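Novice: Each chain, written out:
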Amino acid sequence: MRNTFAKILSKLTKKNNKIILLSGDIGNKLFDNFKKDHPNNFYNCGVAESNMTTVAAGLAFSGFQPITYTITSFNTLKTIEQIKLDICYQDLPVIIVGVGSGLGYSNLGTTHHSIEDIGLLSNIPNLNIIVPTDKQELEILFPQILKSKKPTFLRLGKKNEKPVYDSNKCNSKIGKATQILRGKNVCILGYGNILRNCIDLISQLKKNKINPSIYNFHTLKPINKPQIIKILEKYRKILVVEEHNKFGGLFNRVSEIKTSKQNFKNIIISVNAGDKFIIGGGDLKNTQKKLGLDKNSILKKIKLLNSL
Amino acid sequence: MKNITKISNQIRFQTCKLSHQAKAAHLGSALSCVDILTVIFFSDLFKFDIRKNSLDKFILSKGHAAAALYSCLAFKKFISFKKLNEYGKNNSVLEEHPNKKINGVICSTGSLGHGLSFGCGITLGEKIKNLKNKNVVLLSDGECNEGSIWEAAGFASSKKLNNLIALIDFNNWQATGRSKEIFGGEMKKKWQAFGWNVMDINGNNTKQIYNALKKAKKSKKKPTAIICNTIKGKGIKFMEDNNNWHYRVPTKNELKVIEKILMQ
Ligand SMILES: [Mg+2]
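Residue numbers (my numbering), protein chains in the order written: chain D, 131 to 438; chain L, 45 to 308.
Don't read these hints as lab results, they were simulated from the structure.
Be aware that a few hints might be false.
PhoX-like cross-link-like pairs, simulated, lysine-lysine; straight-line CA separation at most 20 angstroms [as the list claims (entries may be wrong)]:
#1 D/K145 - L/K173
#2 D/K165 - L/K171
#3 L/K173 - D/K148
#4 D/K144 - L/K173
#5 L/K67 - L/K296
#6 L/K145 - D/K214
#7 L/K91 - L/K120
#8 L/K203 - D/K165
#9 D/K292 - D/K419
#10 L/K145 - L/K127
#11 L/K121 - L/K144
#12 D/K165 - L/K204
#13 D/K214 - L/K144
#14 D/K166 - L/K203
#15 D/K415 - D/K430
Computed footprint of chain D on chain L; a stretch qualifies when at least three of its residues, placed anywhere within it, have a C-beta under 8 angstroms from a C-beta of chain D [as the list claims (entries may be wrong)]:
#16 158–166
#17 189–195
Bear in mind that the values here come from a model prediction, so they are computed numbers and not experimental data.
Built from N, CA and C at the ideal position, the CB exists for glycine as well.
With the sequences and hints as input, model every part of the structure.
Specialist: This is how it looks when you write it as structure tokens:
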């Protein structure tokens, strides 16, 4: 996903020279072409994320569209007060890009995991939170983010994610979840590349006579409440899948909307990254397996949900 | 410059009055930087066209000195005296720390350690646009405990932000003690080590402030830090260098005494 990000950034900056990329001493080779083509649009801010975030706010005040880029955990937690006070409180159009979100850097350990970011950032007013599921969706959503001129957190994966939108074209729009599969028995809600694990299960589920619907909630904030209400009206059995702590993510949002409607009788089950520090997770596949986010675990959950 | 002294006394009294009316703290911190603010706003050094934000810019990074800033903005006619008198009251935008909704405030501050980075961003943006205006950020000495200040300091010199000027209101007090005792390292050497032009002046002497800023404006490559040695509570003898006035508020009788000292 990061390669696609670098590629589309070069393309968009050709047309819009207000784009300024600030990097926290990362992406050396990745942005070589960008730096060559747009030397006045790239600044390495060093390993100093707090300053980088507020510098971006100042640049936005001066009429630019700055993007801060570094590993998600550093670009969100070290900088959370700067995001709150300098970007969101002052409502400035900065895009905070986190790379290797969720468990993208699983084998680098807890310092590099980012499974609490959405929960923490959701509590900051004025901030949009966008999570593309694959590179095609990133290409579709990124120009929309730029156009919106809203403070935005863009939660990216790392690299070599399997596509979610293979042949079928992605036409996602900020603010509305995209239905990527039409079914009836159960409804799966998720975001990010973990949705690929769900799509891989379709044929197995069909053998078990389960035809799920799948919605891709690429926009976590502002959450589309009317759309969630419609989904809850249509499907009784809901599975929320997210590479995020069990608190503060999509499961919370869907549950609170259900609770606000007294007559809703949905069963909502969640698979998530738990609420424990993950030590010894190893690579992404192994870590997902340990946390119950792998295909097999998700399959079991869907079967269970279907039987309820 | 005689006129400047007169204005600074008016602003001092106005600031004390606001603290009394609103029962708002941080009076000592506001008074130590009144002379600095007066030179910035009322000398011929800078031009503020704050509604359009197109000329020189000022950021009060030590946002707790808001009462002194608001007083300047009122004398500068950016806000009305009627509005000024709403300071600290319910439903007033003039809160105890400044926010962008106030004419003349370009950056909301209050949490220490943010204003210099914001100034870096603005100055970098203007450098890209080839603008020559100056941006001034006022910090407190206690604020320089914050790590983000030194992130900004390294950024500004590496990006050659010569149009950025930081003033450090060095009254050698922070909330609970002497700044020099609470946080190590020599202020002047630190800024020099981070690649800045550094000047060390009496920050309650308007002539020295004026000359230092004038010199800073001429810098060709480096950003400039002016260490302004000041006295907390400056101008009112019974407050001077007495850290109780970090939080204390003047009584009605004290305000009368202050008026006598400043307005005669
Ligand atoms: Mg101080």
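Novice: Holds or violated: L/K203 with D/K165, Cα cutoff 20 angstroms?
Specialist: The hint holds at about 16 angstroms.
Novice: Are L/K145 and D/K214 close enough, with their CA atoms no more than 20 angstroms apart?
Specialist: 17 angstroms, holds
Novice: Against the 20 angstroms threshold, does the CA-CA distance of D/K214 and L/K144 hold or violate the hint?
Specialist: 14 angstroms, holds
Novice: For a C-alpha distance cap of 20 angstroms, please report whether L/K67 and L/K296 respect it.
Specialist: With Cα atoms ~11 angstroms apart, L/K67 and L/K296 stay inside 20 angstroms; holds.
Novice: Count residues of the region 158–166 of chain L with a Cβ under 8 angstroms from any Cβ of chain D, then say if the count reaches three.
Specialist: holds (count 7)
Novice: Given the proposed pairing of D/K165 with L/K204, does the C-alpha separation stay at or below 20 angstroms?
Specialist: 19 angstroms, holds
Novice: Quickly compare the C-alpha distance for D/K145 and L/K173 to 20 angstroms and report which way the hint goes.
Specialist: 17 angstroms, holds
Novice: Verify the proposed pairing of L/K91 with L/K120, using a straight-line Cα cut of 20 angstroms.
Specialist: Holds: L/K91 and L/K120 sit about 12 angstroms apart, inside 20 angstroms.
Novice: Can you confirm whether the C-alpha distance between D/K415 and D/K430 stays at or below 20 angstroms?
Specialist: 17 angstroms, holds
Novice: Under 8 angstroms between beta-carbons, do enough residues of the region 189–195 of chain L, three at least, approach chain D for the coverage claim to hold?
Specialist: Answer holds; 3 residues pass the 8 angstroms Cβ test.
Novice: For the pair supplied as a hint, D/K144 and L/K173, confirm whether the alpha-carbon distance does not exceed 20 angstroms.
Specialist: Satisfied, since the Cα-Cα distance of roughly 17 angstroms is no more than 20 angstroms.
Novice: Assess, step by step, whether the Cα of D/K165 is no farther than 20 angstroms from the Cα of L/K171, and give holds or violated.
Specialist: 18 angstroms, holds
In the structure shown, no violation is registered for any of the earlier numbered hints.
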